[in-house]
Every structure is written in structure tokens, then in C-alpha cells.
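Start from chain R and add chain X according to the hints.
There are 2 protein chains.
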Amino acid sequence: MDSAVIDRSKVTQVLANFVVASKADDIPEHVYTEAVRSFLNWAGCAVGGSIHPTLDRTLAAIRPFAGQGQATVLGRGDKLDLLHAALLNGISSHVFDFDDTHLKTIIHPAGPIASALLPLAETRLMSGREFLHAFILGVEVECRIGNSVYPEHYDRGWHITGTAGVFGAAAAAGKILGLNAQQMTWALGIAATQSSGLREMFGTMCKPFHPGRAAQNGLLAAHLAAQNFTSSERGIEAPRGFAHVLSTKFDPAEITERLGETWEISLNTYKPFACGIVIHPALDGCIQLRNAHGLTAENIASIELKVHPLVLELTGKTEPRTGLEGKFSVYHSCAAAIVYGRCGEHEYADEVVTDSKIVALRRKVRAEAEKGIHEDQVKVTITTTDGKAHELFVEHAIGSLDRPMSNEELDGKVRDLCEPVLGASGADRFIALCRDVANASSLMPIIEAGIPAR
Amino acid sequence: MDSAVIDRSKVTQVLANFVVASKADDIPEHVYTEAVRSFLNWAGCAVGGSIHPTLDRTLAAIRPFAGQGQATVLGRGDKLDLLHAALLNGISSHVFDFDDTHLKTIIHPAGPIASALLPLAETRLMSGREFLHAFILGVEVECRIGNSVYPEHYDRGWHITGTAGVFGAAAAAGKILGLNAQQMTWALGIAATQSSGLREMFGTMCKPFHPGRAAQNGLLAAHLAAQNFTSSERGIEAPRGFAHVLSTKFDPAEITERLGETWEISLNTYKPFACGIVIHPALDGCIQLRNAHGLTAENIASIELKVHPLVLELTGKTEPRTGLEGKFSVYHSCAAAIVYGRCGEHEYADEVVTDSKIVALRRKVRAEAEKGIHEDQVKVTITTTDGKAHELFVEHAIGSLDRPMSNEELDGKVRDLCEPVLGASGADRFIALCRDVANASSLMPIIEAGIPAR
Numbered sequence: 001m002d003s004a005v006i007d008r009s010k011v012t013q014v015l016a017n018f019v020v021a022s023k024a025d026d027i028p029e030h031v032y033t034e035a036v037r038s039f040l041n042w043a044g045c046a047v048g049g050s051i052h053p054t055l056d057r058t059l060a061a062i063r064p065f066a067g068q069g070q071a072t073v074l075g076r077g078d079k080l081d082l083l084h085a086a087l088l089n090g091i092s093s094h095v096f097d098f099d100d101t102h103l104k105t106i107i108h109p110a111g112p113i114a115s116a117l118l119p120l121a122e123t124r125l126m127s128g129r130e131f132l133h134a135f136i137l138g139v140e141v142e143c144r145i146g147n148s149v150y151p152e153h154y155d156r157g158w159h160i161t162g163t164a165g166v167f168g169a170a171a172a173a174g175k176i177l178g179l180n181a182q183q184m185t186w187a188l189g190i191a192a193t194q195s196s197g198l199r200e201m202f203g204t205m206c207k208p209f210h211p212g213r214a215a216q217n218g219l220l221a222a223h224l225a226a227q228n229f230t231s232s233e234r235g236i237e238a239p240r241g242f243a244h245v246l247s248t249k250f251d252p253a254e255i256t257e258r259l260g261e262t263w264e265i266s267l268n269t270y271k272p273f274a275c276g277i278v279i280h281p282a283l284d285g286c287i288q289l290r291n292a293h294g295l296t297a298e299n300i301a302s303i304e305l306k307v308h309p310l311v312l313e314l315t316g317k318t319e320p321r322t323g324l325e326g327k328f329s330v331y332h333s334c335a336a337a338i339v340y341g342r343c344g345e346h347e348y349a350d351e352v353v354t355d356s357k358i359v360a361l362r363r364k365v366r367a368e369a370e371k372g373i374h375e376d377q378v379k380v381t382i383t384t385t386d387g388k389a390h391e392l393f394v395e396h397a398i399g400s401l402d403r404p405m406s407n408e409e410l411d412g413k414v415r416d417l418c419e420p421v422l423g424a425s426g427a428d429r430f431i432a433l434c435r436d437v438a439n440a441s442s443l444m445p446i447i448e449a450g451i452p453a454r
Numbered sequence: 001m002d003s004a005v006i007d008r009s010k011v012t013q014v015l016a017n018f019v020v021a022s023k024a025d026d027i028p029e030h031v032y033t034e035a036v037r038s039f040l041n042w043a044g045c046a047v048g049g050s051i052h053p054t055l056d057r058t059l060a061a062i063r064p065f066a067g068q069g070q071a072t073v074l075g076r077g078d079k080l081d082l083l084h085a086a087l088l089n090g091i092s093s094h095v096f097d098f099d100d101t102h103l104k105t106i107i108h109p110a111g112p113i114a115s116a117l118l119p120l121a122e123t124r125l126m127s128g129r130e131f132l133h134a135f136i137l138g139v140e141v142e143c144r145i146g147n148s149v150y151p152e153h154y155d156r157g158w159h160i161t162g163t164a165g166v167f168g169a170a171a172a173a174g175k176i177l178g179l180n181a182q183q184m185t186w187a188l189g190i191a192a193t194q195s196s197g198l199r200e201m202f203g204t205m206c207k208p209f210h211p212g213r214a215a216q217n218g219l220l221a222a223h224l225a226a227q228n229f230t231s232s233e234r235g236i237e238a239p240r241g242f243a244h245v246l247s248t249k250f251d252p253a254e255i256t257e258r259l260g261e262t263w264e265i266s267l268n269t270y271k272p273f274a275c276g277i278v279i280h281p282a283l284d285g286c287i288q289l290r291n292a293h294g295l296t297a298e299n300i301a302s303i304e305l306k307v308h309p310l311v312l313e314l315t316g317k318t319e320p321r322t323g324l325e326g327k328f329s330v331y332h333s334c335a336a337a338i339v340y341g342r343c344g345e346h347e348y349a350d351e352v353v354t355d356s357k358i359v360a361l362r363r364k365v366r367a368e369a370e371k372g373i374h375e376d377q378v379k380v381t382i383t384t385t386d387g388k389a390h391e392l393f394v395e396h397a398i399g400s401l402d403r404p405m406s407n408e409e410l411d412g413k414v415r416d417l418c419e420p421v422l423g424a425s426g427a428d429r430f431i432a433l434c435r436d437v438a439n440a441s442s443l444m445p446i447i448e449a450g451i452p453a454r
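Listed in order, the protein sequences are those of chains R and X.
For the first sequence, the residue numbers in the UniProt record's numbering are 1 to 454.
For the second sequence, the residue numbers in the UniProt record's numbering are 1 to 454.
Isolated chain R, as found in the complex (with noise of 0.2 angstroms):
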């Protein structure tokens, strides 16, 4: 008991006492797996982001500014310092919001670490173990500060990948620095001292911008640090620290209780289709009876789903005009999964959203909400033109906790975001080093793959 006091009263302590002392083998062979699990998904949103226009112009700000090519931004191969590398890497990783979630927090817990530690491997060589090692410990320390503020902290208009993500990507960074116990404090602490990222600002380009921050605001933290450039050694708990002037709760316990035995990697999910979550049941239901019975746009005459109320509130939009409108409307979700098997960004192309086979379809399905459907539940009936109801109830979606994707259904949404930059031979083949990073001795063919071929 006296233990847990002294504990709550310097968590910030706790943390990096236990981030410098981890060794890699102190870690669960099944939480790397899911560690490989989660830096593909994240490696795939990056690589298929690295082409959108918030990339370019935010390239277009900052390259009179960066130094020397250190580091590559994935997807384009445009060589920055690593401070730069890593906003960049941050900002595709999540442009598409089709990154992972940490659905106890809503975090997306691999973009802030994931986007600070590749830019590092590439000037420091370490294995893929160490990798993986660093980016379990930032994801623990990310989000177990996430889990001690949720949810009154997001509640108040953070944006909790950002604000939280700054921690995880000082954590990881230092500990590839190999920082001690007072200058990860240190580091912790110039992390906490950085924490921002407001929820105002979703539907704009800020809002990548946020993990893309962390990434670099954390990797810049740990640096400091190193140089032992001093913070408080209290920045999560106290009084005026992060937790108390950022949220109005704060539960340290969420942040000592069962650390180094349980890891927050295992509860973390991948988005199988590029819209918000509470789509994923319909697109699966239609989808999986799609599948078994040979569906087409032709010969469907009805689709009717009996959904959660929020799926109606937050994506009931009949008509949608442009992709990103597309994406809040379960309408056309439901017509694009039907047509082409799966609901990916390239689903959500307004030329897709426009194609007139997808809009009379579309059409054709109706949502109504029912009491007692979970949010991870639906309810779809299909009927044919011959007259054959079809119907299905999704007990849990894919992609959630309970029924995650598989091995195999992960590569495909890593195949389609990897594609159109890498071309399909170069998409499988940084698909197969991903897969291996675990056993890869340096990083830096996974980084050349990831650059489009000239």
C-alpha cells in the first residue's frame, strides 16, 4: 500500500524508471506479434497517405528550413533531417483516419512512435527487435497516460493522439538513445510540456498534423534530454503538470497498476474499411453476404439495416457528393462494399461516389435504428430481384477486439493503400519485409521499399 502511494505521487518516475529498465526479452513473444501487426497497418496508412495534398504543401512550408537528408518520408523518398522526416511520416500515417485505434482511448497509438522511431533508425543502426522493443514501451507509455485522463481529457476538446502521442514518441526515442532514468524523466516531462492538439480542428489538415507533431515534438524531447536539458521530473502528476491542467480527471493508477505485465498493444484494432467505426458492422454484414451468395449491383432490389442509433446521427447522408461526404454516408458505403467486395480509400474516390451504378444503389438501401443493436452489431437483409431475402446479424464487426482482422485480411488493406505508390510487386514485397521486421537486422530495406521506383 505504502508502495502504491509513493507510486502515485511520482508516476512520471515510474514510467521512465520502467521504459530504461525493459529488456527486450522481458516482453511477451505474442505482444511483438501484435507489434508487427500494428507497424504494418501503421507503415500501409503511411505509405498510401504519403500522397495526398496535405503532404505537399506541408513539404512545400518546411523544406527551406529542413537540414540535411537524414531521413526518408515514406512513400515519396523526399530526404529530411529527422525532426521533419518524422512530422511528415506522422501526418500521412493518419490523413486518411484509417490507422489503428486503441478503442479503450480512441488513441491511434502507432503514428506518434512509429513516425519518430523510423526516421531514427535510419542514422542509428538497430534491428528490428529493438524497433519493436522501443515502439511496444511508447505505445505502454502512451497510452496508459491516455487511459489516466480518459475520458474527461478528450471530452474537453484534446485531441488525445496528439496530446498523449508526444509521451510515446519521447518514451521509444529515448530508449533507442539509451537516455537514463533522470533524463527519460527529463524527456517525459519536455514531452508533457509540448502536449497539444485541439479537436476543433478535425476536418482540416491540422488534423494530421497532430500525430505528426508528437512525432517530432517527442523525438525533439528525447534529444534534449539526452543532453540533459532539464524539465520537471513530476510533468504527468503534478498539480500543474499535464494530467491536472490538460484534464479533470486523473487516474494514476491507470498508469502504475500491472506495469510490465499487461501491454496496451494487444487492446489496439485495424480499421478494415476508411470511414469512422460506426459504419464497420453494415459494410461487414454486406460484405459477408455479398460473398456467400454471388451479390451483385444487379440483382439486388433491397438493403435494409437495423443499426445503432449513432450510425444514422453521425453517417446519415442520402446524397453524398464527394468522397469525403461519401465517407458519412452509410448509403453509399453499403452500394460502393456491394460493388466492389471491400470499402477501402479507394472506395471513397468521388469519381466512386458519383459512378451512377454506385448512386441507384445506393438508393436501394434503408437504415433504421433498433433498441438493443450494439454499436458493434447490425442486422442486414438483403433481398434479390428473384425475391430471396438474405439476412445476416454481425455480432461483432470486423476489425473489432473480439474479431479481429486476420493476418491475411490485413495485408489486403495494406496491399490496396500500398498499391497505387508502389505499384502491386512493389506492395507485396514491402508488405512480406513489414511482416519480417521482427527479424530484419537493420530497417533500412523496409525504408527503400516503401519509396516509389523512379
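The set of hints was computed from the structure by calculation and includes no laboratory data.
Hints are all accurate, no fakes.
Identical copies look the same in the list; a pair holds intra-copy or inter-copy alike.
Within a straight-line C-alpha distance of at most 25 angstroms, the following computed DMTMM-like cross-link-like pairs (lysine to aspartate or glutamate) qualify:
no. : residue 1 : residue 2
1   : LYS249    : ASP155
2   : LYS357    : ASP386
3   : LYS249    : GLU152
4   : LYS10     : ASP26
5   : LYS371    : GLU304
6   : LYS23     : GLU261
7   : LYS317    : GLU233
8   : LYS364    : GLU391
9   : LYS23     : GLU257
Chain X only, in chain R's frame:
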């Protein structure tokens, strides 16, 4: 009235429009005069602070990432990219806690803004008048946003110089970059979502880091906005924007009322002494009596002070052992003021604090709280060894708004700060150039004069 209602719902746009539309001649000359004083005080602090170890550690950390040498770190001559030069200037200008103070909010206005603008003046030609115009606008934006959320925002634990400073830097840099109103609105939004800096960091290297990062982040915000990087258009006032997320008070009228008619920089003050503002009346009184009566350490029997209670609460350390502790000792401060006739950074050197002559004198200082004594006041009675008692009541301490430092006194402060770095004649030359900034066709001569001869 209607327009006021409309304004309040979009104060970010109101501020952006104001900055974009402002012409140099819209601003009264006395405002420029005060801007020159603010700039000179800032420049002195930055040159003086440039030799602090915080700078060495920051430079060691960031040098590997810095871009090509576009801009000079004032007082050092190191050449870095714009963004990192802004960071370093901002740190050095605040590291002695000797910079300017907007007493209404405890913002140190110049740091975030001048630290961003001076590097910019090295890559694009601007006259001193253009520089001062942008500087004044930056102070206006920064302090008005501060006013709108103060004091709850500060009480909550935010270091307002950092959190509000980023807006000032973005506005000033955006003015120089020629942003249009849409882009300026985005720049303020990108600034809002980077707003950060915790009071928990006071007493560590992170404190001066805050204005440094505010300068750097604001400069980045302006450059991103110039490339049409989007943000919310209501970054300040929206329910999940800066004001509501980072404060429990938001008074938009503080931003919109009499905008363009009153000037916050007119409320700026400069510390004559290198310690907390609460000691200032006592030091002022001691130095006045010393000079009037030729007092020396040898001929003083006792120094009695009647002070505001906060003086004892904050600076009641009777036996300080280091320079930093000396700043929290009204006893040391008064003893040093008698011996040296001033109390600048030099008088808080470790050797001065432990000097036996000073130690003996500080033990003759007695301070007592007295009801009715205002924070800005003191009653000093110095009794000499021959039994004579010299009394003085200070109504307003030197450096306050009611009794501002004269230009000569300000020059003297800046000279004290600059001499250890630039030498005596170098300091004089630097001061003369800063004083004449309004007539300069370029800032380059000032920047060059701010570098020590090799």
C-alpha cells in the same frame, strides 16, 4: 450591437482581418516609441542570456537536425535555419527572467514575437519600420488573446507567455509573409493547435523553452498557412478551440473592443532588477537612499523594510547559498544593491551571494510585512553607524507603469546585459543601432552588431 454579437462568434477572423488590413501609418508614433523600447529590452536580454548553459545544451541537441545557416542566434553568431534560430533566440531572451512584462496578464510579450521576426529579417529584406509594425501587431494579438482568458487560464497552470505567444509569433510572421485574411485565419488556427507550456516547468530549462517554442511554432504556422495548409477558422473561440479548452474564462470582448484604437504594447514594462517583481520596490528604495546619502556596506548599521506580505512569502530566504537562491532573498538583493548600486544579473552570481561583505550586510536587513503597503510600495529605513536614520517611502517602484524606466536607465540595463558578451564598445554600438531601428533600412546591422567579435 448586432455586429458585436457577430464579432464574438468569430474573433479569430476579426483578429486575422485586423492584422492583414493594418498599415504602418495606422499606428500612432508613441506606440512605435514603446515598441523600440520593448525591442531594445528584448535584444539586451537575448544577447545577455545567450551564454547560458541552456543554450549550449539546446544547440548540442538540435544542431544535427538544423537546416542551412539562414539566420543568426543573437549573441552567439551560430547560423541555423529560421525555425531553430527563432527557438534559440526565444530561449536566450527569457532564460534570465529579465524580459518585459505585460502586467495585466504576466505575459512577456516580446520574446515569442521578436525571436521569430529577427530570423525572418535575415532572409527577406525588411525595414526597421516594417519590423516594428509586425512586432506591434504581434504584441496586440498575443496580449488581447491573453486578456480574454486571463487569469483563469494562468491559474489553471498554463505558462501564458508560451500559450498566447504562439499567436503573436504567427500573426507577426504572417504579416511579413503577406498572408491574406483566409491564410491569416488558418495561421492563427495552426498556432492555436500548438499552444502549450506548463507552469509546472518553472525553475527548469523548459521555462525559457516556452517562448522559444512559441516563436518557432508561430513561425511555422505562418509558413504552413502561406502554403494553404488549412485549419479551423475558429481556432480561438470555438467550443473546442483554444479559449474553451485551455481556460474556464473567455471574454471575446477583450479581443474585439477598441481593436486598432488602443495598443497593448503601451502597457509593457521592463524590469530594472534581475529578480521577481515583488523585490523591486525594496531595491528601488535602497538604491535611492544609497545614492542620496553616499551609503556603503561599511557605514550601515541596519536596513529596515516594511513590505507587502508577498515579499516575505516569495523571497524570505535569509541565507541563500547560490545565485539562483539569491533571487529569492530580499536580504541578499538589498545588500547587493547597496554594494553595487544596481541589481542586475551580475549581482546574482554565486560569488556575489557568498561574498563575505555581502553576507555581513544582508544579515543587517530586516523585513516586515505591513498592512496597507501595496505590492508596488515599500518603506525603507537605513540607519548608519553614526546613528542617523534615512527614511524613504516608495509609492511606485521603478519599472512600473506609473514610473517607467527612463531611456537612460533602460540603456544601462541593456549595457549591463550585453557587456559580458559584446564588450563595452560593442554593447554601446549595439544599443545605438537598436535605438535607431525605426529608421533602419535593414535589420542586418543590428544582427551583426549582436555577435561577439572573434
